[in-house]
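Engineer: I would like the entire structure built from these sequences, with the hints used as guidance.
Read top to bottom, the protein sequences are chains X, A and P.
Counting from 1, position 462 in the first sequence corresponds to residue 462 in my numbering; the numbering is continuous, with no gaps.
If you count the second sequence from 1, you need to add 764 to reach my numbering.
If you count the third sequence from 1, you need to add 921 to reach my numbering.
Errors might be hidden in some of the hints.
Claimed, not checked - Cut-off 16 Å, straight-line C-alpha distance, at most; resulting in silico cross-link-like pairs (EDC-like, lysine to aspartate or glutamate):
id: 1; chain 1: X; residue 1: Lys-581; chain 2: X; residue 2: Glu-550
id: 2; chain 1: X; residue 1: Lys-50; chain 2: X; residue 2: Glu-91
id: 3; chain 1: X; residue 1: Lys-300; chain 2: X; residue 2: Asp-386
id: 4; chain 1: A; residue 1: Lys-771; chain 2: A; residue 2: Asp-834
id: 5; chain 1: P; residue 1: Lys-1106; chain 2: P; residue 2: Glu-1189
id: 6; chain 1: P; residue 1: Lys-1145; chain 2: P; residue 2: Glu-1164
id: 7; chain 1: A; residue 1: Lys-859; chain 2: X; residue 2: Glu-17
id: 8; chain 1: X; residue 1: Lys-296; chain 2: X; residue 2: Asp-169
id: 9; chain 1: X; residue 1: Lys-76; chain 2: X; residue 2: Asp-53
id: 10; chain 1: X; residue 1: Lys-584; chain 2: X; residue 2: Asp-635
id: 11; chain 1: P; residue 1: Lys-1106; chain 2: A; residue 2: Asp-791
id: 12; chain 1: X; residue 1: Lys-436; chain 2: X; residue 2: Glu-630
id: 13; chain 1: P; residue 1: Lys-1125; chain 2: P; residue 2: Asp-1175
id: 14; chain 1: X; residue 1: Lys-22; chain 2: A; residue 2: Glu-890
id: 15; chain 1: P; residue 1: Lys-1182; chain 2: X; residue 2: Glu-630
id: 16; chain 1: A; residue 1: Lys-767; chain 2: P; residue 2: Asp-1176
id: 17; chain 1: P; residue 1: Lys-957; chain 2: X; residue 2: Asp-685
id: 18; chain 1: P; residue 1: Lys-973; chain 2: A; residue 2: Glu-889
id: 19; chain 1: X; residue 1: Lys-51; chain 2: X; residue 2: Asp-138
id: 20; chain 1: P; residue 1: Lys-1106; chain 2: X; residue 2: Asp-635
id: 21; chain 1: X; residue 1: Lys-752; chain 2: P; residue 2: Asp-966
id: 22; chain 1: X; residue 1: Lys-752; chain 2: P; residue 2: Asp-1175
id: 23; chain 1: P; residue 1: Lys-1153; chain 2: P; residue 2: Glu-1164
id: 24; chain 1: P; residue 1: Lys-1106; chain 2: A; residue 2: Asp-847
id: 25; chain 1: X; residue 1: Lys-581; chain 2: X; residue 2: Glu-467
id: 26; chain 1: A; residue 1: Lys-859; chain 2: A; residue 2: Glu-842
id: 27; chain 1: X; residue 1: Lys-22; chain 2: A; residue 2: Asp-855
id: 28; chain 1: P; residue 1: Lys-1090; chain 2: P; residue 2: Glu-981
id: 29; chain 1: X; residue 1: Lys-22; chain 2: A; residue 2: Asp-847
id: 30; chain 1: A; residue 1: Lys-767; chain 2: P; residue 2: Asp-963
id: 31; chain 1: X; residue 1: Lys-758; chain 2: P; residue 2: Glu-1189
id: 32; chain 1: A; residue 1: Lys-821; chain 2: P; residue 2: Asp-999
id: 33; chain 1: X; residue 1: Lys-485; chain 2: X; residue 2: Asp-504
id: 34; chain 1: P; residue 1: Lys-973; chain 2: P; residue 2: Asp-999
To be verified - Per the computed footprint, the stretches of chain P lying under chain X, defined by three or more beta-carbons under 8 Å from a beta-carbon of chain X, are:
id: 35; stretch: 976-982
id: 36; stretch: 994-1006
id: 37; stretch: 1116-1124
As the list claims (entries may be wrong) - So the derived list for chain A, only partly shown, Cβ under 10 Å to chain P, looks like this:
id: 38; residue: Val-778
id: 39; residue: Phe-781
id: 40; residue: Gly-845
None of these hints come from the bench; they were simulated from the model.
Nothing here was measured: the structure is a model prediction, and the numbers come from that model.
Beta carbons are placed, not taken as given, at the ideal position from N, Cα and C, and that holds for glycine.
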Amino acid sequence: MSKGYIGKRVNRVDALEKVTGKALYSVDYSMDDMVYIKVLRTPHPHALLKKIDVSRARELPGVVQVITAADVPWLKNFGLIFKDQEVLVREKTRYMGDALAVVAAEDERTARRALNLIEVEYEPLEVISDPLRAMEPDAPRIHESGQVPFEHEFNQGNVLSIDHLVKGDVEQGFAQADHIIENEFRTQFVDHAAMEPEAGLALYDPDEDHYTIWAASQWLHDVQTDVARVLGVKIEQVQVIQPTIGGAFGRREDISVHVILPLMAKLTGRPVKWVMTRQETMLTQSKRTPMTIRLKTGVKKDGTITAWETEIVADTGAYASTGASIVHQALYVSTGPYEIPHVKGVSYTVYTNNTYTGAMRGFGATEAAFAYERQMDCIARDLGLDPAEFRLKNAYTLGSATANGQVLTTSVGTRDTILSAREHFGEKGTPSAPHKKRGVGMATIMFGCGYGEGFPDHSIAGAEVTEEGRILIRSAAADVGQGVKTVLTLVAADVLNIPPECIDLGVASTHSTKNAGSTSATRQTIFSGNAVKLAAENLLGKIYHRASVELGRAHPELSIENGDIILHGTEKQMTLGELAKIAKAKDEPLSAEGCYFPRTDIDYKTGQGTNVYVAYTYNTQYVEVEVDTETGQVDVVRIVAAPDVGKVINPVGLEGQSEGGSAMGLGMALMEEQVFAKAITVNPDFSTYLIPTALDVPDVETFAVESGDAAGPYGAKGIGEPAMIPTAPAIFNAIEDAVGIRLYDMPATPEKVLAAIKAKGGIA
Amino acid sequence: MDKYPIKLTVNGRVHEFQVEADLRLVDLLRNHLQLLGTKEGCGKGECGACTVLMNGKSVTSCLVLAVQADGAEIVTVEGLGGDLALHPLQDAFIKYGAVQCGYCTPGMLMSAKYLLDINPRPSREEIRVAISGNLCRCTGYTKIIDAIQAVAEGRRD
Amino acid sequence: MSYVYYAPSTLSEALTYLNQHNGTRIIAGGTDLLVKHYDRLDTLDGLMDIGKLAELKKVETGETVRIGALVTHHTIADHSWLREYALVLCQGAEAVGAPQIRNRGTLGGNLANASPAADTAPPLVVLGARVELVGPGMTESVPMEKFFTGPGRTVMEPNQVITGVTFPKPGPNQGGCYIKLGKRKAMAIATASIAVQVSVDANKLSDVKICMGSVAPVPLKAVKTEAILRGKSLDSLALKEAEEQLQAEITPIDDIRGTAKYRRQAAETILRRALFQAIRNAGVELDG
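Structural biologist: Structural data, given as structure tokens:
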């Protein structure tokens, strides 16, 4: 039972330190006597390394150490799933940005100068920047041999993974259809553009043979494991401490600074600091995975969808990272929140020499939704159906089976989100000038929370009463800005029935907190929320037990005096801190743990399972645009969002995710694209890679739908990723509504919009 | 490299340094004065994270050389207000949920401070223009604008 | 390392120093120079910071307007006299970067940087401005349309300093307008831009000045297009011929901000919009 802290508008627990400038981010850590790192990156996306000479760099005064792969032959490869990425290139570069050498120097300027003194000779190879070229039999192999055994089909030339989705009999489904609609959609390379660049500090203790790393990560314990494996040391020899994180959006799942920092700390014997420049992070760190998505849909005259076929070709770039998982997730959700009896799909994840791609907000679901919500809109228009009614006719409801075959038995809010967003949107406004046209577009999406698919996905949290009488919550769940710390605090406050001000969240580190899994897959509210809830409940049991012994009252009244929590027994009272001291003295400390570890499953051969994801978040957005018919510029004037999150834990956090997600979706829809020319990035800075400013994003109106009864605490589901997913297709649908042009590729730049308007002979 | 003497006021206190000519104001603040609230996001004046007030005007401190700040009066987020005496903007940023990851927040606050200094009653559109040089990837700006508008209107709810 | 920094307090000190130190770069607001060299500031040979030259910070109004080279974009955009008489320049200054950049960036710096996309250049061209260049023992005044010689290149000698720009006060029959197209609404370098300044007499365009940015290696004064429009009656202002002429005058290229094709399409649109708005700003009511 909720006692009053859930769903209330509260201040973020970390807001004060952030508005005063006191919060310490990865870039802020420093130590006396530290050295600075710079990394030499290859400008050649695909080349054999013929010679690398660092002798002149080593001679530069102020240079402490210069290393290449030859100096550290024992280093293992890294990678989130497939270990296919070299720390330092041994023989061949695979993308522009592969690391060739590391310089450690007394200051950044010297380190930078030393880079210029390193001489490298290359033998250029054919650069593959098109995944279709990469799939041809005669294309040169980017990776020579197979990586890690995996349940998917993989390792066929440059094809990393082939995945399948089979439900019903798609041919039978198409035979039942009156109309068959086929379209091909494309999504682009997008940069996460977190405001904080990759950075960190590391220290090596030779006496203990122990490494300490201060660098942001979405998943501390996974980084710890990979770093230890790459360095060839035991896991407990590597401690990763979480600084305040300046945004992540998926990018901080990957190893960035985390291996080179401890390596250089050991080799130099000094603390080591590394802050990437914006250009370095844009050129070398992971991107959103671009996809070409072909959809074929069979529809009856009355708007019932009978069959759906999907084919996806995706470019994971030079390395796998989580690419294969992103792409099969795109495949699995490629039918949207619609019940379709006959589904067939295949996806190909392909290596190229482009900058490697990895997790970014939506993890395939963003790309899939762009395609399926454009497809739904195109079908509705072609068949003369109302876009919302057509969706409502096919939308999931209780008892629907997903494309993965999971029967939805709880918390299915698709229809409610459509109805809510439609109602709150109301009517579109009038254009601000004669040459402008207004249009409305909608999109409705689903997102499976958690890794699902049988992946060992769990979170462990601790809760304890300190001797000062405060509650300490231990969780490694990374707060990347989304506000999980505040969610966990509210959950603990609610269980313990004490104000959030009495609760502290301990520093997240691999040595003081247990594995909480990744802050990704929109899973922390569910997973760490449940873990903290369980831990707090277990702690409450211990408090009650101890109180019954010491105070003669198992369920004491609580009061707060001068910030102390006072427990009132039948005759006496004491502070919670005093109770904790007594308990500790009796060797029964007031501390507890909670673990949430749900079971999921899938058969990768068909993409079918019974419990593929633990919960599904739904979100519908209505977007209004104004299109300048003479310049092609698109102004988004309104975004109305109705996300179904089961139960709202923190309304301010929910709105913040909805607003920020919409802005990111707007950027992807209208302006963002990392452009490659033969695998070389041509726009590696914020003056050429544009993200939305305050003038580009309208006020976002969010109306939560609470379908309840989901897997998370109090029936909650997550919101991080689904917040952004409907925005881009809704904007494209609105553009089509405004000026009648059918665009299939993101982003809808003024140029593309104007060309399409001209191609159809202008606007009446 | 030669060093040059400079004298400047930062958050009301006078400091003297000998600096090299390639040192930027953002480096002086962060590395020499340990004023870590000012963040660097791009180094090219394109993101606004390093915004401070220089002689009362908002500037990106990555595009000011420390030698150019000789004689200047600088205010950083640390000079805006502290834990015990928050500036109304800081208070509003907390209350309106204008902070997520927080990396853009110090620069955003300084741009907001500059706006209210020169235009105490801005419209919502003027607020958008005023923070258009401060990129935020988390919030979508809505709550930041709400917070600034609340201060401008003297609301304390 | 030879990196030397020098901050003169007077113009004559600056000129003497510049004449004696080859390779010295002049820095004012730094919003271009420090961007270009952001990760290698130490490789600049020498910098002369003219930021202390108070004589370059003035705006003088009157029959001849003189704006010092160190006047910031913010000052220009906010200047009430300029807004009344030379709005096109204020609109150009307003379109530069973001508030922080407008607070540091200077008019002289914007010109010396010589970007084909510079936001203050087209307005100054259509206002008939001249650039004041001062070198050792000489001062010259170069018409704006002759100042730029290519992307990043001007007629300036290495020992010269821009001290300001001058232009005649526009008459009451004049109006101007600057329009910039970018890929987003703030902090965007122009995909294409245009400044138009018109004079209206007896319901006719007695004079028209047009200059476009980002459609040629330098800010392009469309003199032939101007000639077509000059003398046209406002009652029958057909633009087809002018648009065709404009297409012949501009030479846009493809780059990350847009293709040549788009720039050509946009050029016609912003010509029409800027022209009509300039006419309205001259005090003439127009339909639509």
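Engineer: Output the indices of the hints that this structure fails to meet, ascending.
Structural biologist: 5, 9, 10, 11, 13, 14, 16, 18, 19, 21, 24, 26, 34, 35, 36, 37, 38, 39, 40
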